[in-house]
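2 protein chains.
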Amino acid sequence: MTKAYVHGYDPRENVRLQDQATTLVELLHSDTVYPMGSRILEAGCGVGAQTMTLARNSPGALITSVDISEQSVAAAKQKVVAAGLENVQFQQGDIFRLPFRADSFDHIFVCFVLEHLKEPRTALLKLKEHLRPGGTITVIEGDHGSAYFYPDSDAAHTAIRCLVELQSLAGGNALIGRQLYPLLVSAGYGKVRVSPRMVYVDSSKPELVDGFTKKTFTAMIEGIRQSVIEAATVAARTNSWVDISTL
Amino acid sequence: MTKAYVHGYDPRENVRLQDQATTLVELLHSDTVYPMGSRILEAGCGVGAQTMTLARNSPGALITSVDISEQSVAAAKQKVVAAGLENVQFQQGDIFRLPFRADSFDHIFVCFVLEHLKEPRTALLKLKEHLRPGGTITVIEGDHGSAYFYPDSDAAHTAIRCLVELQSLAGGNALIGRQLYPLLVSAGYGKVRVSPRMVYVDSSKPELVDGFTKKTFTAMIEGIRQSVIEAATVAARTNSWVDISTL
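Residue numbers (my numbering), protein chains in the order written: chain A, 45 to 291; chain B, 45 to 291.
Derived from the structure by calculation, the hints contain no laboratory data. Predicted, not measured: the structure shown is a model, and the values here were computed from it. Glycine is no exception: its CB is placed at the ideal position from the N, C-alpha and C atoms. Do not rely on the hints blindly, as some may be mistaken.
Claimed, not checked - These stretches of chain B come out as covered by chain A in the derived footprint (C-beta under 8 Å, 3 or more residues):
| id | region |
| --- | --- |
| 1 | 152–165 |
| 2 | 187–197 |
| 3 | 245–258 |
Let's have the full structure, built from the sequences with the hints guiding it.
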């Protein structure tokens, strides 16, 4: 697995991921509750933003959270311990070579991970090896090409396109949300059911204006500013970059 | 009100609107039930595609359905009578000059209408005059700029952009969905709550592939083919039209 995580490992990014998780938790997996005693693998836990919700929602489940970044695993562990949650064990590990036997888990949870991988289908195939027969998987991914707004803004679309292209240069896919159904089917998962969730914000929802529009989405785009400028400097020579003059 | 209805009055369009209403009814207003005895105005009923659902869902409500097109009103009436529904009265009328007193209605229902008007805010202001104090309004509109798909298709985006521009040339706004909140607020409606609904289709939902993707959305775009070609011929002289060479 590549370590080219498009959002980087800046501490401010840690705060953003927590804001994102808090704002989106109702939308994304407020309904995720695992039965008593079930064995859950959270693949790509990052700094533990979603781990907290998983552990709180399913106190009787045994959650194993892994991430390729040692530093992120440490941050996630600290957070979970500080919250007094005791049903999570952490482990550093590469999704493509996890040290678990076949049939180790009843359920796998993957959130905002596939978008960063060069080979998301292979990741899904590998994960399936650790799932018991009849086990299930939840995959949550974004789709940055689905954003629209009023009034419209060419500058905003250009900025978003920069993120999409940067992620693509790093081997990822910021438009993977729309592709989940064929991806899961081609990786051999049965009974695939996609449930799209839209974040809608207007000024009657000040907590979402702040928590989502400003601190999650805009912050995400702002967070890649320097990387985009550097990538554009390189790409200018090959003339392959989008026009960032309006940024 | 202009009679420049972008989708035209072709009989096939009548069939498309019925397919659209049938496929979307669950999503759009399966939860719309009006109390016994309440007086409902359906403004812009067209050929009655939504009228049927309104009348069925609320057998005790008194529904008044108006449309500017005499021909559409006749088609709507025929449909409702054939279904044995007796709680609807029809009337030809212009939304901007309806022959009703103030306080005539408890609730107003508007579906896929504002997008065709040059002055949607004025329409909302005029409609409000017929609403009793404390009355409510439901406005349902589309947003054709919100469509995305996998695999992506430049030709499809161009075709959709043609509809958006055609509607704009006719004085309407195919992107009005995202604007409903500020529109309703600026027309003086209080406690505005927007509830966005997304139509998601993949191959596990053959009834939506057929009923929505093919018979509603694609049919809508196909339905304006001739109008776009004619408008492009005119616009070619002023160089103001999008490139339709990929169509």
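Tested hints:
no., hint, result
1, 152–165, "violated (count 0)"
2, 187–197, "holds (count 7)"
3, 245–258, "holds (count 3)"
Hint 1 from the earlier list is the only one contradicted by this structure; the remaining hints agree with it.
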